[in-house]
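K.L.:
Assemble the whole structure, with the sequences as input and the hints as a guide.
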Amino acid sequence: MISIGIPAIVAILIILNLSQWKVDERVIEHDVRIYYGYLPATFIFNDPFLERGEYNDGRRGLFWQVTTPQGHKTFKMTSGMAMMYLPFFVPAHLYSKLSGNLPNGFSEPYKFFILIGAVFYLVIGLEFIRKTLLHLKFSDLVTASTVLVTGLTTNLLCYASQSGPMPHVYSFALIAIFIFATIKFWETKGLKYIVALGVTFGLITLIRPTNALIGLFFILYGKDLIFSHLKTNTALYQILLFVSLVVIIWLPQLYYWKFSTGHLLSYTYNDERFFFNDPKILQGLFSFRKGWLMYTPVMVFALLGIYLLRGELRRLQIPILVFTLLNIYIIFSWWCWWYGGTYGQRALIDSYALLAIPLAAFLRYVNESGILLRSTVISAIAFFTWLNIFQTYQFEYHSLHWDGMNRELYFKQFGRLEKVEGHDAFIHWPDYEAAKKGDR
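Sequential numbering from -6 applies to the sequence shown in our numbering.
To be clear, the hints were calculated from the coordinates, so they are not data collected in a lab.
Derived DEER-like restraints, expressed as beta-carbon distance ranges:
id, residue 1, residue 2, range
1, 375, 420, 28 to 38 Å
2, 311, 264, 31 to 41 Å
3, 420, 237, 49 to 59 Å
4, 248, 205, 17 to 27 Å
5, 229, 400, 48 to 58 Å
6, 16, 251, 35 to 45 Å
7, 134, 413, 38 to 48 Å
8, 305, 248, 43 to 53 Å
9, 305, 10, 41 to 51 Å
10, 413, 366, 35 to 45 Å
11, 230, 304, 31 to 41 Å
12, 84, 251, 28 to 38 Å
Cβ coordinates follow ideal geometry from the N, Cα and C atoms, glycine included.
P.N.:
Shown next, in the form of structure tokens:
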């Protein structure tokens, strides 16, 4: 449990040190305004469809809506994140009323509770990684090391602290539960695991529909058992229960779309799309703008670990490999392959719950190897941990630019928290409008 507590404590220390909830226009900002907007619109303003006109705080609109091609107003993102925020929104609202803070959904208590909520989901995700690895017979040492590396050495830490309200630590936690439930279901066929799978899959897809890809892990992991299980008396009931739970989770969103757009299903991203014929895989993995392995290099160990899934773990090799390859392909086919103004390649954080398994395989291999390899990997992990935490602060101070980094600026700024002289002149701004047309 110490291995879970340390990343959680570090995340809390970053939150307290930066004190973003006290800063105007922070925490509930940018895309978070859309994810979060369902809650104050529904429970505070009693106007979930914003039919009464514009709401603002005297300077800007509180809610960010889009207009569909049919002329309908609606929130761009689905409501999954609002459901995940809800357990922290309610006490924040009660506290605001009792403490004299403005109970409008956007004052300091709401922002603070949302930040703490991100740490809660970090703990849940890391705990289910721990349970999964121990169940797969990894040693206590390897399991604890994997949890620590995942929580401290990847950009998951940033998205559980500095960028906590973004959706990735939430999806990470849900996928960690889904993976554990998948493994346990195919061993026991237990009802409680079907419930866990249905609820988590519903939320996973309601937060980020493309994360439905994790369903492949369930299918591929159980591929040798699926057909025999389908012949049993319980299979049909389990399928119906799973589908029913997913539909129940999605019902509020379907109703919202039906009321706001006239359609049960609605594509609210308008001119944003995937370019499946031109995925930017090399840029997404290695570029200085937002390369995954450039800003989270420790995940090279996880990728190497897929090859090391042997013996009883070989059953996991194909499911993890197929998921990872398809996930990378889909993520970097999106028009904005760098995913806006964020630290590192945020879209891959959700999958760290699955990649923790090959990461553990790699760390076990290293632990069983000679002193030279062990020393090298331990030193690399220590450096990557420092780099990750330091660059989280660089991102907060804008010395690590949110979407305009390049090789020259990266090395000029390396190891320096404050902006170097002439920093802004080195920024290579992306052309968002050209990217939407395929010139990425």
